[in-house]
Amino acid sequence: MFRKLFSALVLGLIMILSVNACQAGTFQKLYEIRLSSAKLGSDQAWSRTFNTMDGDLKLQFRRLAGEGDAKRFHLTVKLGKKYVFKKHFPEVEGGYSIMVIKDTSTSRMFYAVQSIDQAYLYGYEGETAKFETYIDSDNYLNKYNGDSIIAVTKGGDLILAFEPPYASRVAPNQRYSFFWDNNTIWFAYRDLGTGYGPIYNESQ
96 MFRKLFSALV
106 LGLIMILSVN
116 ACQAGTFQKL
126 YEIRLSSAKL
136 GSDQAWSRTF
146 NTMDGDLKLQ
156 FRRLAGEGDA
166 KRFHLTVKLG
176 KKYVFKKHFP
186 EVEGGYSIMV
196 IKDTSTSRMF
206 YAVQSIDQAY
216 LYGYEGETAK
226 FETYIDSDNY
236 LNKYNGDSII
246 AVTKGGDLIL
256 AFEPPYASRV
266 APNQRYSFFW
276 DNNTIWFAYR
286 DLGTGYGPIY
296 NESQ
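Counting in our numbering, the sequence shown runs from 96 upward without gaps.
Keep in mind that the hints are not guaranteed to be accurate.
Label pairs and their computed distance ranges (CB to CB) [to be verified]: (1) R129 with T171: 30 to 36 Å; (2) L159 with G221: 26 to 32 Å; (3) K153 with N296: 30 to 36 Å; (4) L236 with R143: 32 to 38 Å; (5) Q155 with P267: 35 to 41 Å; (6) P260 with T201: 15 to 21 Å; (7) G288 with A160: 27 to 33 Å; (8) S272 with R129: 33 to 39 Å; (9) Y178 with K238: 35 to 41 Å; (10) I128 with F274: 22 to 28 Å; (11) G292 with S132: 37 to 43 Å; (12) R129 with G150: 26 to 32 Å.
What the hints contain is simulated information worked out from the structure, not anything from laboratory work. We treat Cβ as the ideally placed atom computed from N, Cα and C, and that holds for glycine.
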(Lines of atoms letter the chains of each structure in order from A and count residues from 1; the text may use other names and numbers.)
(Lines give C-alpha, C1' and ligand atoms only; values in the text may rest on other atoms or scores of the structure.)
Protein backbone atom coordinates (compact mmCIF):
# COMPACT_ATOMS: atom_id res chain seq x y z
CA MET A 1 0.00 0.00 0.00
CA PHE A 2 2.75 2.42 1.00
CA ARG A 3 4.78 1.49 -2.08
CA LYS A 4 1.81 2.18 -4.39
CA LEU A 5 1.14 5.53 -2.68
CA PHE A 6 4.81 6.49 -2.98
CA SER A 7 4.85 5.54 -6.67
CA ALA A 8 1.73 7.62 -7.31
CA LEU A 9 3.28 10.64 -5.58
CA VAL A 10 6.50 10.30 -7.60
CA LEU A 11 4.52 9.97 -10.84
CA GLY A 12 2.47 13.05 -9.98
CA LEU A 13 5.61 15.06 -9.24
CA ILE A 14 7.14 14.01 -12.56
CA MET A 15 3.99 15.06 -14.40
CA ILE A 16 3.96 18.46 -12.66
CA LEU A 17 7.63 19.04 -13.50
CA SER A 18 7.04 17.99 -17.10
CA VAL A 19 4.15 20.44 -17.49
CA ASN A 20 6.19 23.24 -15.97
CA ALA A 21 9.09 22.43 -18.29
CA CYS A 22 6.77 22.59 -21.32
CA GLN A 23 5.34 25.90 -20.18
CA ALA A 24 8.72 27.45 -19.45
CA GLY A 25 9.75 30.20 -21.88
CA THR A 26 12.69 29.69 -24.20
CA PHE A 27 13.58 33.27 -25.17
CA GLN A 28 16.77 35.03 -24.13
CA LYS A 29 17.74 38.67 -24.58
CA LEU A 30 21.24 38.79 -26.04
CA TYR A 31 21.73 42.49 -26.66
CA GLU A 32 19.96 45.84 -26.34
CA ILE A 33 20.83 49.45 -27.16
CA ARG A 34 18.83 52.68 -27.05
CA LEU A 35 19.32 55.11 -29.93
CA SER A 36 18.03 58.65 -30.42
CA SER A 37 18.96 61.88 -32.16
CA ALA A 38 20.86 62.81 -29.01
CA LYS A 39 23.08 59.72 -29.36
CA LEU A 40 23.32 59.70 -33.16
CA GLY A 41 24.60 62.91 -34.69
CA SER A 42 23.64 64.15 -38.12
CA ASP A 43 24.17 61.35 -40.67
CA GLN A 44 25.77 59.07 -38.08
CA ALA A 45 25.01 55.37 -37.70
CA TRP A 46 25.07 52.50 -35.24
CA SER A 47 25.90 49.09 -36.67
CA ARG A 48 26.58 45.62 -35.32
CA THR A 49 27.01 42.14 -36.79
CA PHE A 50 25.47 39.03 -35.23
CA ASN A 51 26.38 35.43 -35.98
CA THR A 52 23.19 33.51 -36.82
CA MET A 53 22.24 30.05 -38.08
CA ASP A 54 21.94 31.61 -41.56
CA GLY A 55 25.30 33.42 -41.46
CA ASP A 56 26.57 36.82 -40.33
CA LEU A 57 23.73 39.34 -40.19
CA LYS A 58 24.55 43.05 -39.93
CA LEU A 59 22.11 45.69 -38.68
CA GLN A 60 22.72 49.38 -39.31
CA PHE A 61 20.53 52.17 -37.91
CA ARG A 62 21.40 55.56 -39.37
CA ARG A 63 20.15 59.08 -38.60
CA LEU A 64 19.66 60.83 -41.93
CA ALA A 65 20.53 64.51 -42.23
CA GLY A 66 18.78 65.11 -45.56
CA GLU A 67 15.37 63.68 -44.65
CA GLY A 68 12.41 65.16 -42.80
CA ASP A 69 11.10 63.86 -39.47
CA ALA A 70 8.94 61.22 -41.20
CA LYS A 71 12.06 59.43 -42.51
CA ARG A 72 14.63 60.53 -39.95
CA PHE A 73 16.11 57.05 -39.30
CA HIS A 74 16.97 54.28 -41.73
CA LEU A 75 17.43 50.60 -40.87
CA THR A 76 19.34 48.34 -43.25
CA VAL A 77 20.00 44.63 -42.77
CA LYS A 78 22.64 42.63 -44.63
CA LEU A 79 23.07 38.86 -44.62
CA GLY A 80 26.64 38.34 -45.70
CA LYS A 81 27.06 40.80 -48.59
CA LYS A 82 23.39 40.90 -49.58
CA TYR A 83 20.86 43.48 -48.37
CA VAL A 84 17.74 41.67 -47.14
CA PHE A 85 15.79 44.56 -45.57
CA LYS A 86 15.51 48.35 -45.63
CA LYS A 87 13.02 50.59 -43.79
CA HIS A 88 12.65 54.23 -42.73
CA PHE A 89 11.49 55.19 -39.24
CA PRO A 90 10.19 58.60 -38.08
CA GLU A 91 11.60 60.88 -35.43
CA VAL A 92 9.83 60.08 -32.15
CA GLU A 93 10.10 61.22 -28.56
CA GLY A 94 12.64 59.10 -26.69
CA GLY A 95 14.09 57.54 -29.84
CA TYR A 96 14.34 53.80 -30.49
CA SER A 97 15.68 50.68 -28.89
CA ILE A 98 17.07 47.69 -30.74
CA MET A 99 16.97 44.33 -28.99
CA VAL A 100 18.37 41.00 -30.16
CA ILE A 101 16.48 37.93 -28.92
CA LYS A 102 17.30 34.24 -29.24
CA ASP A 103 14.89 31.32 -29.05
CA THR A 104 17.11 28.81 -27.28
CA SER A 105 14.91 25.89 -28.34
CA THR A 106 15.41 26.55 -32.07
CA SER A 107 18.50 28.85 -32.13
CA ARG A 108 16.48 31.37 -34.15
CA MET A 109 17.40 35.04 -33.75
CA PHE A 110 14.89 37.88 -33.69
CA TYR A 111 15.35 41.66 -33.72
CA ALA A 112 13.01 44.08 -31.96
CA VAL A 113 13.00 47.70 -33.14
CA GLN A 114 10.70 49.82 -31.04
CA SER A 115 9.66 53.23 -29.82
CA ILE A 116 6.86 54.34 -27.52
CA ASP A 117 4.62 54.60 -30.60
CA GLN A 118 5.25 51.28 -32.32
CA ALA A 119 7.13 48.02 -31.84
CA TYR A 120 8.31 45.54 -34.46
CA LEU A 121 9.85 42.08 -34.22
CA TYR A 122 11.85 40.96 -37.24
CA GLY A 123 13.78 37.87 -38.18
CA TYR A 124 15.42 36.20 -41.16
CA GLU A 125 13.68 33.02 -42.30
CA GLY A 126 15.96 30.69 -44.23
CA GLU A 127 13.14 28.72 -45.85
CA THR A 128 11.62 31.81 -47.47
CA ALA A 129 14.94 33.69 -47.76
CA LYS A 130 13.17 36.77 -46.39
CA PHE A 131 13.64 39.16 -43.49
CA GLU A 132 10.15 38.81 -42.05
CA THR A 133 8.06 41.18 -39.91
CA TYR A 134 6.72 38.79 -37.28
CA ILE A 135 5.15 41.34 -34.93
CA ASP A 136 3.82 44.84 -35.65
CA SER A 137 2.23 46.32 -32.53
CA ASP A 138 -0.29 48.23 -34.68
CA ASN A 139 -1.89 44.88 -35.54
CA TYR A 140 -2.92 44.15 -31.93
CA LEU A 141 -5.71 45.68 -29.90
CA ASN A 142 -4.42 48.52 -27.75
CA LYS A 143 -7.68 49.66 -26.20
CA TYR A 144 -6.04 51.83 -23.50
CA ASN A 145 -3.69 53.53 -26.00
CA GLY A 146 -0.61 52.52 -24.02
CA ASP A 147 3.02 52.66 -25.12
CA SER A 148 4.13 49.57 -27.07
CA ILE A 149 6.85 47.41 -25.50
CA ILE A 150 8.40 44.12 -26.66
CA ALA A 151 10.19 42.43 -23.77
CA VAL A 152 11.64 39.10 -22.67
CA THR A 153 10.77 38.17 -19.10
CA LYS A 154 13.12 36.56 -16.60
CA GLY A 155 11.11 33.38 -17.12
CA GLY A 156 11.96 33.41 -20.84
CA ASP A 157 8.59 34.55 -22.20
CA LEU A 158 8.30 36.86 -25.21
CA ILE A 159 5.78 39.60 -24.41
CA LEU A 160 4.16 42.49 -26.25
CA ALA A 161 2.88 44.90 -23.61
CA PHE A 162 0.83 48.07 -23.95
CA GLU A 163 1.13 50.26 -20.88
CA PRO A 164 1.23 53.95 -19.99
CA PRO A 165 4.44 55.64 -18.83
CA TYR A 166 5.17 54.96 -15.16
CA ALA A 167 2.62 52.11 -15.18
CA SER A 168 1.42 50.69 -11.91
CA ARG A 169 -0.67 47.67 -10.96
CA VAL A 170 -3.85 49.74 -11.23
CA ALA A 171 -2.94 51.47 -14.51
CA PRO A 172 -4.79 50.23 -17.60
CA ASN A 173 -2.55 47.89 -19.59
CA GLN A 174 -2.57 44.84 -21.86
CA ARG A 175 -0.25 41.95 -22.65
CA TYR A 176 0.21 39.33 -25.34
CA SER A 177 2.51 36.31 -25.11
CA PHE A 178 4.18 34.88 -28.23
CA PHE A 179 5.32 31.34 -29.04
CA TRP A 180 7.22 29.99 -32.03
CA ASP A 181 5.22 27.45 -34.05
CA ASN A 182 7.41 25.13 -36.13
CA ASN A 183 4.39 23.94 -38.12
CA THR A 184 3.53 27.37 -39.50
CA ILE A 185 7.10 28.75 -39.25
CA TRP A 186 5.58 31.79 -37.54
CA PHE A 187 4.58 33.09 -34.14
CA ALA A 188 1.37 32.10 -32.38
CA TYR A 189 0.15 34.28 -29.53
CA ARG A 190 -2.13 34.36 -26.52
CA ASP A 191 -3.99 37.37 -25.12
CA LEU A 192 -2.95 37.61 -21.45
CA GLY A 193 -5.47 40.30 -20.58
CA THR A 194 -4.85 43.17 -18.15
CA GLY A 195 -3.90 43.86 -14.55
CA TYR A 196 -0.09 43.74 -14.61
CA GLY A 197 2.62 45.91 -13.16
CA PRO A 198 5.34 47.46 -15.35
CA ILE A 199 6.92 44.87 -17.69
CA TYR A 200 10.28 46.49 -16.91
CA ASN A 201 10.22 44.88 -13.45
CA GLU A 202 9.99 41.40 -14.99
CA SER A 203 12.35 41.85 -17.95
CA GLN A 204 15.74 40.28 -18.51
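Exercise. Against the earlier hints, flag every one the structure doesn't satisfy and list their numbers going up.
Key: Numbers 1, 6, 7, 8 and 11 - these are the hints that the structure violates, sorted from lowest upward.
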